[in-house]
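All chains, please: the whole structure from these sequences, using the hints.
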Amino acid sequence: MEKKHRILVVDDEEIVRQSLLAWFKEDGYEVDTAENADAALRLFEKGKYSLILLDIKMPGMSGMDLLVKLKEYDPDAIIILITAYASVSSAVKALKSGAYDYITKPIDPDELSHIVEKALYQKNLENENVKLKESIDEISKPDNLIGESHQMKEIYSLINTVAQTDTTVLILGESGTGKELVAKAIHLNSKRKYFPLVTVNCGALPESLLESELFGHEKGAFTGAHYRRKGKFEMANGGTIFLDEIGTISNKVQVELLRVIETKQFTRVGGSETISSDFRVIAATNENLDELVKEGVFREDLYYRLNVFTIHIPPLRERIEDIPLLANYFLKKFTTSMNKKITGISDEAMSFMLKYRWPGNVRELENAIERAVVVCRTDKIQLEDLPFRISNNSLYSEVEDKSLSEVEKRHIALVLKENNWNISKSADDLKIDRVTLYNKIKKYGLRKPE
Amino acid sequence: MSEIVIAPINFSNPELIEKILSELKKYLPYKINLQPLQIDLNFAYSIERGQYYSTKIIQHLLPFSENINGKFLALLEVDLFIPVFTYVFGEAQLNGKVSIVSLTRLHEEFYSGISDEKLLIERSVKEILHELGHNFGLIHCKDWDCVMHSSLGIEEVDIKGIDYCSNCKRMIRL
Ligand SMILES: [Zn+2]
Ligand SMILES: [Zn+2]
Chain A
779 MEKKHRILVV DDEEIVRQSL LAWFKEDGYE VDTAENADAA LRLFEKGKYS
829 LILLDIKMPG MSGMDLLVKL KEYDPDAIII LITAYASVSS AVKALKSGAY
879 DYITKPIDPD ELSHIVEKAL YQKNLENENV KLKESIDEIS KPDNLIGESH
929 QMKEIYSLIN TVAQTDTTVL ILGESGTGKE LVAKAIHLNS KRKYFPLVTV
979 NCGALPESLL ESELFGHEKG AFTGAHYRRK GKFEMANGGT IFLDEIGTIS
1029 NKVQVELLRV IETKQFTRVG GSETISSDFR VIAATNENLD ELVKEGVFRE
1079 DLYYRLNVFT IHIPPLRERI EDIPLLANYF LKKFTTSMNK KITGISDEAM
1129 SFMLKYRWPG NVRELENAIE RAVVVCRTDK IQLEDLPFRI SNNSLYSEVE
1179 DKSLSEVEKR HIALVLKENN WNISKSADDL KIDRVTLYNK IKKYGLRKPE
Chain B
-6 MSEIVIAPIN FSNPELIEKI LSELKKYLPY KINLQPLQID LNFAYSIERG
44 QYYSTKIIQH LLPFSENING KFLALLEVDL FIPVFTYVFG EAQLNGKVSI
94 VSLTRLHEEF YSGISDEKLL IERSVKEILH ELGHNFGLIH CKDWDCVMHS
144 SLGIEEVDIK GIDYCSNCKR MIRL
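Just so you know, the protein sequences line up as chains A and B, in that order. Numbering follows this note's numbering, with no gaps: position 449 of the first sequence is 1227. Numbering follows this note's numbering, with no gaps: position 144 of the second sequence is 137.
Each statement offered as a hint is correct.
With a Cα cut of at most 30 Å, we get these calculated DSSO-like pairs of lysine-lysine: (1) B/K162 - A/K971; (2) A/K1111 - B/K18; (3) A/K1133 - A/K1118; (4) A/K1119 - B/K24; (5) A/K782 - B/K90; (6) B/K135 - A/K782; (7) A/K1203 - A/K1221; (8) B/K12 - A/K1118; (9) A/K803 - B/K18; (10) A/K803 - B/K49.
Everything labelled a hint here was simulated from the structure, so no lab data went into it.
The following block contains the structure:
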């Protein structure tokens, strides 16, 4: 548990003191206020403050003189000056006397919080530097990242390894496998965890909007841009940017992305100022980037830049032992939020879920359970509570390719899985001989999961 | 704690309120009652800033909350400020009964000129849950997925999650 920071607000205006007091209380700080230098000095001698906000223009002893005095008492004190636009030059002078920074009235809340957090973060870092460097044995995971299968355990260990570096990570996996949860886990276990994890769904936006989303835009950059707007790379400063569906971006944006990742610098759309941001990149896709590179759709240089460390999330059908775990987790989640009394899942429904292919992966399972909780009228989820497309139809209802060979391939894969890849038993079940089965396994490129 | 009263003040778009409310209900296990009000807000207007003084509005609304066994949240369409700050999305009495949220800066139109109702509803729900959270006694949360994370710019409203994190939920027994 972090200890609470104490902040001292020194300002002669009652309204400023009250506003800042309320503001910092919401942030969880302990706050004292003083209306003049004398009161401030008295409090300062008694209390230990992490940070002092000091109005530079006050009757009596000026903020400038008070600053010098406070610094004599405690050279490490972090003092942030509040000033009117008119007195910026004196604020700059004050910086030379050891003030940490200054802000001008009226204060942009964004700026205030940014300066305060940065100052306290640096102070914290100095204190906790050693502690932060220690490795984390037990990784912290977002609630939904669940699974005890060996595949998932392998993924946890990859997360743990890569989180402590600043390496770019590429997450691969079918849609619905939980790529964003893995990204979040990496962020949560990194030293960047106190800064934002910013997600951009690259597939959801047309090129022009994606650029302004990523890099921000200046006021007047295009019709309707009435205000300057920060881009996601700027928002991710100190933290992590998660670029989902990276395979969909246009060549133009690919070029820009590559440059930004390499230089950590960019300009807003319609702007000329160079902006620097310290971010870590995690990208994800459900597409075969190798293929896209070969086809010339995805730039090779960007691919290598992103593909430094890869985490591949297996589809749910390849880790069926996680299905009961996930199903029960979602059951608990939805019964709680919908306030329903459902204690479990019937054997019939569970055995169905174990056999189902889950083309939509964990997300489909989650949706299925949510739907089942809504319609369930007994104390257990029944087979008929599962969504229509699961329960009413054959296992192959999801197969888009309806060719006989595709169905055969899936069926063989399913039987092999059921029999734990015992070839004799599977051949038996399929009522073919072992050689034929071997040939079909080869033909369809089926492989036993490690 | 039995109810939450949402009071749109001088609101022009009742359908929008309905949509916000039905979204809001997904996250709060309380009875939510609607109580539209027509109030002259001139007392809180600052001519030089062209904005409305948020704290004054809260004070003015206190009598309306007296007979409520719960929380009172006013929704406004005017731009709010607290003197020392350039603007605020809303304000709440920490551990108190009353809070307000302004939709002015939650419109995507305000920033990009493109209107986006879905986004507006999502942002509104987030800010309502956030200010109510303060009423429940919650302070800002470090978890970016939590609606109690402080959001100082609209980008941060979009980044943070829409629900309370499990920690914050536990604190307010949600
Ligand atoms: Zn807040
Ligand atoms: Zn929280």
